[in-house]
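*Asks:* Construct all of the structure, not just a fragment, from the sequences and the given hints.
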Amino acid sequence: MSMQLCSSATVRRLLLAVCCLISDTAIGQLLKSDIVRDVDLHAGRAMADWIDQKSQAQWDQEGVAAPLIVDDGTFLRRLYLDLTGTIPSVATAREFLESTDEYKRAIAIEVLLREPRSAEHLARVWRRMLVPTGTPSEGMGQSIEPWLKDQFARNAPYDEFARNLLTVKSTDATDPTKPYATSAIMFYQAAGGNAEGAADSATRFFLGVRLGCAKCHDHPFAKWKQEDFWGMAAFFAGVQNGTVEDSPRTTIRPQDGDVEYAAKLLWEEETKLDGASPRQVFADWVVSEHNPNFAATAVNRVWQHLCGRSLAGTVDDLDQANAEDRAVLLDGLAREFVQSKYDLRHLISAICRSKAYQCSTVSPNQLGDQLKVADVRPLKTLSPEQVFDAMEQALMLPVGRSDNAARFNGERMAIVARMNEAFSDTPGDFSAGIPQALMMMNGAVISDATDLATSRTLRAVVDSPFMKDEDRLETLFLATLTRRPSDREREVLLASVQAEGAAPGTVFADIMWALLNSPEFVLSR
Amino acid sequence: MSGFDLFTRRDITRMLMASAAGVSLSGWMPKLAAQSETAKKNGRACILLWMGGGPSQLDTFDPKPGHKNGGPVKAIDTAVPGIQLSEYLPGLAKQMKELVLFRGMTSKEGDHGRASQLMLTGYRPVEAVNYPGIGSLLAKELAPADGELPGFVSISPFRFGGVGGPGFLGPKYAPLTVSGNSADPNARADLTVENMLPPAHVSEGSKKSRIEMLHFLQQEFSSKVASEAAKVHQANYDRAIRMVETQGKNAFKLEEEPEALRDAYGRNRFGQGCLLARRLVERGVPFVEVSLANSGNVFGWDTHTDNFNQVKSLCDVLDPAWCTLMNDLRERGLLETTTIVWMGEFGRTPVINESGGRDHFPLAWSTVLAGGGLKGGQVVGDTGKAGAEVVDRPVQVKDFYATICKAVGVDPNKENISTIGRPISIAETGAEPVTEVLAG
Chain X
1 MSMQLCSSAT VRRLLLAVCC LISDTAIGQL LKSDIVRDVD LHAGRAMADW IDQKSQAQWD
61 QEGVAAPLIV DDGTFLRRLY LDLTGTIPSV ATAREFLEST DEYKRAIAIE VLLREPRSAE
121 HLARVWRRML VPTGTPSEGM GQSIEPWLKD QFARNAPYDE FARNLLTVKS TDATDPTKPY
181 ATSAIMFYQA AGGNAEGAAD SATRFFLGVR LGCAKCHDHP FAKWKQEDFW GMAAFFAGVQ
241 NGTVEDSPRT TIRPQDGDVE YAAKLLWEEE TKLDGASPRQ VFADWVVSEH NPNFAATAVN
301 RVWQHLCGRS LAGTVDDLDQ ANAEDRAVLL DGLAREFVQS KYDLRHLISA ICRSKAYQCS
361 TVSPNQLGDQ LKVADVRPLK TLSPEQVFDA MEQALMLPVG RSDNAARFNG ERMAIVARMN
421 EAFSDTPGDF SAGIPQALMM MNGAVISDAT DLATSRTLRA VVDSPFMKDE DRLETLFLAT
481 LTRRPSDRER EVLLASVQAE GAAPGTVFAD IMWALLNSPE FVLSR
Chain B
1 MSGFDLFTRR DITRMLMASA AGVSLSGWMP KLAAQSETAK KNGRACILLW MGGGPSQLDT
61 FDPKPGHKNG GPVKAIDTAV PGIQLSEYLP GLAKQMKELV LFRGMTSKEG DHGRASQLML
121 TGYRPVEAVN YPGIGSLLAK ELAPADGELP GFVSISPFRF GGVGGPGFLG PKYAPLTVSG
181 NSADPNARAD LTVENMLPPA HVSEGSKKSR IEMLHFLQQE FSSKVASEAA KVHQANYDRA
241 IRMVETQGKN AFKLEEEPEA LRDAYGRNRF GQGCLLARRL VERGVPFVEV SLANSGNVFG
301 WDTHTDNFNQ VKSLCDVLDP AWCTLMNDLR ERGLLETTTI VWMGEFGRTP VINESGGRDH
361 FPLAWSTVLA GGGLKGGQVV GDTGKAGAEV VDRPVQVKDF YATICKAVGV DPNKENISTI
421 GRPISIAETG AEPVTEVLAG
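These protein sequences, in sequence, are chains X and B. Numbering-wise, my numbering puts 408 at position 408 of the first sequence, and it's gapless, one number per residue. Numbering-wise, my numbering puts 310 at position 310 of the second sequence, and it's gapless, one number per residue.
Derived from the structure by calculation, the hints contain no laboratory data. A couple of the hints might just be wrong.
As the list claims (entries may be wrong) - Label-pair distances were calculated between CB atoms; the ranges are:
hint	chain 1	residue 1	chain 2	residue 2	range
1	X	Ile69	B	Gly430	53 to 59 angstroms
2	X	Lys272	B	Val391	55 to 61 angstroms
3	B	Gly147	X	His290	53 to 59 angstroms
4	X	Leu273	B	Ala235	51 to 57 angstroms
5	X	Arg253	B	Lys224	58 to 64 angstroms
6	X	Glu160	B	Arg422	32 to 38 angstroms
7	B	Thr429	X	Leu273	38 to 44 angstroms
8	X	Thr182	B	Lys253	50 to 56 angstroms
9	X	Thr182	B	Lys231	41 to 47 angstroms
10	B	Gln219	X	Gly505	24 to 30 angstroms
11	X	His290	B	Gln219	51 to 57 angstroms
12	X	Ala460	B	Gln219	25 to 31 angstroms
13	B	Asp392	X	Thr182	51 to 57 angstroms
Backbone N, C-alpha and C define an ideal beta-carbon position, used for all residues, glycine too.
*Replies:* Structural data, given as structure tokens:
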């Protein structure tokens, strides 16, 4: 049955059905909102089909088989982590696994994209793109999250998103109609509060061009010259000492230089200012559908977030890709994105429905030599916040302020800070060190979680008189890894529980510890 | 499974897990170090004594007796004729033959954060480059590929703005941080690694089965998913587990040391930290940082008020600890392979302010090197009678870095690739080591 045959009534039924599987909050939200009526599953499918066709053509050309599609549990955990930053509850996982609804994946995507938690999570992800991890001003990045969250919650078109950020000014902070201006301005503060930093960050983030090196000398690997950098910086001449204004000035002089550079758009022959504010001219040029890099960089970023690697070049440096690389998928998908009027939610939904997203991380060489399979998806390392949020979910940690919840009492902050010391912005890299491993092995949260006296999940499992050991084991796996144990895991671990003289409660605590410390907990498949 | 009737279920479990992990049960268990190990004969090490806040050069290594800028501090003779130190450092005065004083340090950074970054990375802060700290840089060059302990251990770290981490070298070169449980510098220091002990409620049997189960799950996972990330995860856990099993080769068991020696180091965090530094160097850790900061006053050496009493009390901690460290290393034959670096982010104003304090002064100040790779008993640079400027042999931070590199046997021009693909040398391009202080 193709999606085209779905009536809106069918869509509504499907949505209702899946919401019952997702979570209590989703159900509540759904009943109160218009989501059911407004969701257009057809449009998303069309773009997903386009991606699948292109991918298939590429796989055919390379002479490899299409990758395997993952099972429901892996899909659900992946989707939850990518769209909401946490993992599903045991109840949600069970219901999703047991549901026979053939559209359950599509509907889960649509519902999760509308969860408030999704805007919060995507804001965190985009904050790290705006202010990369490991840069000196990393700490300021969090202050941009409220503005980002608002953009995602409203599903602001991406051109509007860019214009908003590129034209916000300090005086907007006192304008009651612009409640998120203070937060948006932090983009400029994190970039150093000056014209050079703003130009560098804006071109990197929106256009995938690294001009920073060209500030002091001509770019060593790309074609950019010092005058290119300063020509772009001149548009931001009104950004000075942390104040963000629209200066009528259209030239800039480097602090220790004697050349005055005029505003010049990077690869344009001609730059017309015509008395408009320079940043306005800059923003118009950035978001123009004729700009070859704006939509492509946005698509590249979304793709990397969801699929673990960029489509071409790197998200911060499209110069590393040649026209051929870009022609495979990136430029076409960018055109689709422009046609959708820069609808981010639509783009995310389409990618999540595609085979490229739903494919398995199983490596081709593990399927035997005779079958060569496209290798499209790496494991993705959970971000510091995802690690904590996944633990909170798996362990059913209290979430109320009055319960001394870890998310409020400083424990979350400590865990995130420790994890952040060893976090790389490249999703495929796992880079934690010994302090991070020690925290997961022996830290307070894990310690409580694997102590029968204090762990909610463990108590619920061990004390439940209705459960057999097999059910108990399955529940621990679902709580942590969103899947049932394999036959081999069941055999080995149950043998341990039922061993002579073993105290089953203690053994389940040990299993819980091993699951939380296992690579599968922190590496999203 | 009938053949398994001979065994108990527990045995079967263990065997299943052992075979699943592809190793024998005893294979992954490290053999507990039975005898005290000594660092490799050629193994070079560096101990950084970090003086956060900016120590006063005039009241330590560059006294100005008889000038009003010198204040009430007297100068005393040292083991090297013609070189004098402040009376606050009587022990070091006797060890002057090991020391090289850099009295002509000069920089342009007078803000704690920026200056700390400069001194701890060798580079002035710029946007977009996250320079690695000296500990990570040298650990990368000096640490054995698969040491049981990390290459960089930081004891009671105190730094402005959290600078001096691994930067673009990545978390592999991040320090293992040792914290002191007691904030009182006079209390018996209890130096521990965070989360190194398994929770008290876990029995010995459970500890073992947890690790076995983890190995089993790791094996199951990597049989399904071949990935570099999964390998790194496993290798990292292997190192962490070994650290826990051996409790860091027992480096942290200061109670193994004679009481008299612990007393000599000083029963405070810095003193015991220096003792721990020796134990770590002995066990092959190439870079150890020990921080000296006052209790209560987190700024340590930032003596804007009441400079002289504060510097004296800091020196009362510094002098015996540092002297004992050198004696201790010497007795074990480790001093000639271990370079000691003493520095803060800048010095302090020669002019004493109205509150009896001294303010930030990056123009002319002092750092010290001692031990391995150095020809001791020398002074480099001169700040004249008043200490207001370097009148002879100024040394830039990059030159100081190149000198440290040479002393520990590392090429200062060695380049690392930054995150944006730019090669960056350990010491900034153009750095000149101060060759006259280098041994051999």
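*Asks:* Next, verify each hint and record whether it holds.
*Replies:* So, going through the hints one by one against the coordinates:
Look at X:Ile69 against B:Gly430: about 57 angstroms separates their beta carbons, and that is inside 53 to 59 angstroms. Distance hint check for X:Lys272 and B:Val391: the Cβ-Cβ separation is about 58 angstroms, which falls inside the suggested range of 55 to 61 angstroms. At roughly 56 angstroms, the beta carbons of B:Gly147 and X:His290 sit within the given window of 53 to 59 angstroms. The hinted window of 51 to 57 angstroms between X:Leu273 and B:Ala235 holds, with their beta carbons roughly 56 angstroms apart.
Look at X:Arg253 against B:Lys224: about 59 angstroms separates their beta carbons, and that is inside 58 to 64 angstroms. Our hint of 32 to 38 angstroms for X:Glu160 and B:Arg422 holds, since their Cβ atoms are close to 35 angstroms apart. Between B:Thr429 and X:Leu273 the CB atoms are about 39 angstroms apart, so this pair conforms to the stated range of 38 to 44 angstroms. Checked against the hint of 50 to 56 angstroms, the C-beta distance between X:Thr182 and B:Lys253 comes to roughly 52 angstroms, which is consistent with it.
Between X:Thr182 and B:Lys231 the beta carbon distance is about 44 angstroms. The supplied range of 41 to 47 angstroms therefore holds. For B:Gln219 and X:Gly505, the hinted distance range of 24 to 30 angstroms is satisfied, since their beta carbons lie about 26 angstroms from each other. A hinted range of 51 to 57 angstroms for the beta carbons of X:His290 and B:Gln219 is consistent with their spacing of about 54 angstroms. Between X:Ala460 and B:Gln219 the Cβ separation comes to about 29 angstroms, which falls inside the hinted range of 25 to 31 angstroms.
For B:Asp392 and X:Thr182, the hinted distance range of 51 to 57 angstroms is satisfied, since their beta carbons lie about 53 angstroms from each other.
In summary, this structure violates none of the numbered hints.
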